[in-house]
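Asker: Residues per chain, in single letters:
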Amino acid sequence: MSEYKAPLRDMHFVLQELAGLAEIAKLPGCEEINAELVDQILEESAKFASGVLSPLNKPADKEGSKWDKGSVTTPKGFKEAYRQFVEGGWNALQAPAEHGGQGLPKIVSTPVVEMWKSANLSFSLVTMLTAGAVEALILRGTEQQKEQYLPKMIEGSWTGTMNLTEPQAGSDLGLVRTRAVREGDHYRVSGQKIFITYGEHDLAENIVHLVLGRVEGAPEGVRGISLFLVPKFLVNADGSLGQRNEVQCASIEHKLGIHASPTAVLVYENAVGYLVGEENRGLEYMFIMMNLARFAVGMEGLAIAERAYQQALAYAKERVQSRDVAGGGKAVTIIHHPDVRRMLMSMKSQTEAMRALGYVVAAAVDKSLRHPDKDERARNQAFVDLMIPIVKGWFTETGIEVASTGIQVHGGMGFIEETGAAQHLRDARITTIYEGTTGIQANDLIGRKIAREGGATAKQVITVMRAVEADLGKAAGEDMAATREAFSAALTAAEDCVSWMVITYGSDIKAAHAGAVPFLKLMGIVCGGWQMARAALVARQRLSEGKGDKSFYEAKIKTARFYADHVLTQAPALRNTIVHGAAGVMALAEEQF
Amino acid sequence: MKILVAVKRVVDFNVKVRVRADGSGVETANVKMSMNPFDEIAVEESIRLKEAGIATEIVVVSCGVQACQETLRTALALGADRAILVETEVELQPLAVAKLLRAIVQKESPQLVILGKQAIDDDCNQTGQMLAALLGWSQGTFASKVKISDRKAEVTREVDGGLETISITMPAVVTTDLRLNEPRYVTLPNIMKAKKKHMEVLKPDALGVDVTPRLKTLKVEEPPKRKAGARVHDARALVAKLRNEAKVIA
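Here the protein sequences line up with chains V and D, keeping their order. Using our numbering, you'd call the opening residue of the first sequence number 1 and step up by one each time. Using our numbering, you'd call the opening residue of the second sequence number 1 and step up by one each time.
By construction, these hints were calculated from the structure, which means they are not laboratory data. The structure displayed is predicted, hence computed values, not measured ones. There may be inaccurate statements among the hints.
Stated by the list, open to error - Label-pair distances were calculated between CB atoms; the ranges are:
#, chain 1, residue 1, chain 2, residue 2, range
1, D, Asn-14, V, Asp-565, 26 to 36 Å
2, D, Glu-89, V, Pro-338, 42 to 52 Å
3, D, Lys-195, V, Glu-478, 44 to 54 Å
4, V, Arg-342, D, Pro-189, 38 to 48 Å
5, V, Glu-98, D, Lys-152, 45 to 55 Å
6, D, Asp-160, V, Glu-554, 45 to 55 Å
7, V, Lys-459, D, Glu-89, 49 to 59 Å
8, V, Asp-172, D, Leu-178, 56 to 66 Å
9, V, Arg-341, D, Val-17, 25 to 35 Å
10, D, Asp-160, V, Arg-9, 33 to 43 Å
Beta carbons are placed, not taken as given, at the ideal position from N, Cα and C, and that holds for glycine.
Use the sequences and the hints to build the structure in full.
Answerer: Quick look at the structure:
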C-alpha cells in the first residue's frame, strides 16, 4: 500500500484562492495567521501524517483493537503515535487559547485534520471525539468543570467520548432510557450505551464520557434528556486521579471497517456523573455541537477519497497490462487506457470539488464566529447551516463511491486485502451512517434548512452561483464554455428542485421526503461544480497573467471540465428523479413487497 | 557554548528533479523546496546538545535567496534560538558559502559549527572542509556520533572501511552523516513560537565577502536512460557476456 502524501499544492491553492485565507487572517483573533505560517503548519503536520500515522493504517486495520475483561488494547504503535501526537501539541490545534489550545481558525485546522483522517481514519477519531467533548464543556460546562477537565483534554492526556446511542435509541434519541438520580452535588447514572467510539482504550490516563440520560421524573421524549459528565476515573480536588468510576466496557464491536478504532458497549451502574448545563436540555446542547461534528465526518469522506485516489493512481502508473487501444506493439501501464483515465479523473475531480467546498465552508464557520459585523456573521451562519448536511451527506456518499472506484482501478488486486485498496472502502462505509445517516442529513436539509425558510438561503447561494456562471461565459476557451454549459443546466435543475421542495414540503410531505436524498446529492454536485468553476476561473486568470505553476493551473481547468461533463450532467437527471420519483417510492402496499 | 548551524534550501528529496530545457541547470520554479536533510540532522544535533546542557545558544544561518527564510523558520521551529540569512540572488558555490560562514563565525564567535556533510542538490561535500581550513579550526566530517567534553570533541566518522573515531580540539567544524540522529517532528507550539524568534538579514557586501562564482556551469543534462536488459539462458552465457560485452571480468 502506498503511503499517504498530503496534497499540499491543492490545499494551498484552495486556501489562498477559493476559501480566502487572507480575508480570514484579518478577522479578530486571527491576527497571527498569515500564508507563510499556514504553509509551515501544513508542511509539518504533513510530515507527521506521512511519517507516523500513515504507516500504522494498514497493520492497525489488520490487528484491530482487542477487548479483554473490560480493558481495550489498541493496535501496536497506536500508543506511541498518540504520545507523539500529544507531545507535538496537535491535539490542542482547534481549542481556544484561553483554555490552553492554539486557537487556530477552522480554515487552518480543517486541512490539518484532513491529513490525519487521510493518513489514518481510525486514529483520527480519538482526537475528533475529544474535540467534541471539549466543545460541549466550553459551551455549557460549569467553571469548575472547565478548570478540572479542559486543560487535560485539550492537551490530550485525557480523551473524551460522546454517549448517545442505546440499543433502542439510534437515530431517535427521544427513546434514551439511561437514568440519573440526584445525590448531593452530583448524580448517579445507570444504563447501557452502545457504539461509543474510543469508549475504552489504553491511550490516555482518563476518559471523560459525556452521557445523555434522564433525570428521575423528567418529561418523556426529547425534552427530558440531560447531559452528564462521567469520568472513567473520578478526579480529586487537587486534579489527581481518584477512584475508578462505575462504568465498564462490556465489549467492543466487530465491524466492517475502522477496525483500529474501538467501538465500545459501556455499562453504567450508579456511576458518579455531573450535570452539564441545565437539566432536560441535553439534546439541545448536542445539537449545538452537531454542526461541527457533522462537518468533521463530512471531511472524512474527502479524506478517504484522497487516500483512495493516491493509491489507485500509484497502481495505474505501475501496472502494465494490454496494448494501447489506439495501437502500438507493447503492453502499457493501465493509466494509458481511457476507462482507467475516466475512473482516475472521476476520483480526482470529485475529491478536489469536495476539498474546495469543504474549505469554503470552514472559512464561513470562521466568519460566522469572528466577523465584527453582526449581519455578516448571520449571513455566514445561514450558509454554514445550509451546507452542513450537504458536506456530511454528499462528501461521505462520494467518499464511498471514490473508494469503490479505487478498488476498480486495481482490478482483481483491489479485491485482495493485502493490496490495501479495500480498507479504504471498508473504512469509508461508516461515514454515511454515524453522526446521522445520509437520510437524516437529507431530512435536515429539506426541512430545517430549505422548507422552514422558504428556500431563502438556498436561493441566495444559487444567485451567487449564477454570477460565477456569467464569469465563465466571459472567459475564453472551449473548456470554459463547456463547463459553463453543464453548470448552467445543473443550476436550473437546482432552482427547480428548491422551489419544488418548498412547495411539496407543505403539500405532500411524503413526496418531499422520498426525494430528499436525491435532492441532497443534486445540491452537493452543484455546489461542488460551483467551486470547480471558481477554481477554473482563477486558474485561467493566473495563466493569463503568466504567473505561477502553469501545469497545475492547466490541470485545474481540465479537471473542472471533466467534472462538468461527467458529474454536473447528473444534476438534470436527478431533478427528474426528485420531481417525479415519489410516485414510485411509496406506490406499493407493504404486503406487495 | 554557542553553536552555529548552517542550513541550505534545496529541492525537496521527494521531488523528481528535471533539467531545464536550455540545459542551464535544474528546474526549481514551482518545485517544492525544503531544508537539506543532512542540515536537518545538524539542527537536531545542536538541539540535543542544548537539551543535554552542553550548548547554551543555537544560531542558524542560511545563505541564498529571500525564500531561505522559510528554511530558517523550520530550523527555528525545530528549536534553534535565532536565525541569520545572508541574502543574495547570486548563485553560491561552496567557497563563497564557506567565506560567508567564516565572516559569520567571526561575528558570532561560536565554539562549534555543525553543517550537513553535503547538500542533496549539488552533492559538493566541500563547504564544511573549506570553512575549517579558512578558520584554521579542527574538523570532524561525516559524523555518526559526536561527544563533546572539556574543550574536546570526540567524533565518530563514517569512512569507507567502517567507523573511525577521532578526538579534535575545539573550536571545531563538524559535518553530519545520515546516521548521526533522526530529526524530531516539529511541534505545533514551536511553530507558533518560531514566528517570534529573531531573524537577521545581511548582505554579502556587509560581511566583506565577494561571492562571485569561480566556476562556470557549461551544461546540465539528464543521466542517460537505462537500457533494457537482456535475458540469458544459463550461467555460461552470462559469464560470456560479462567477459566479452561488458568487459567487467577477465
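Asker: Which of the listed hints are not met by the structure?
Answerer: none
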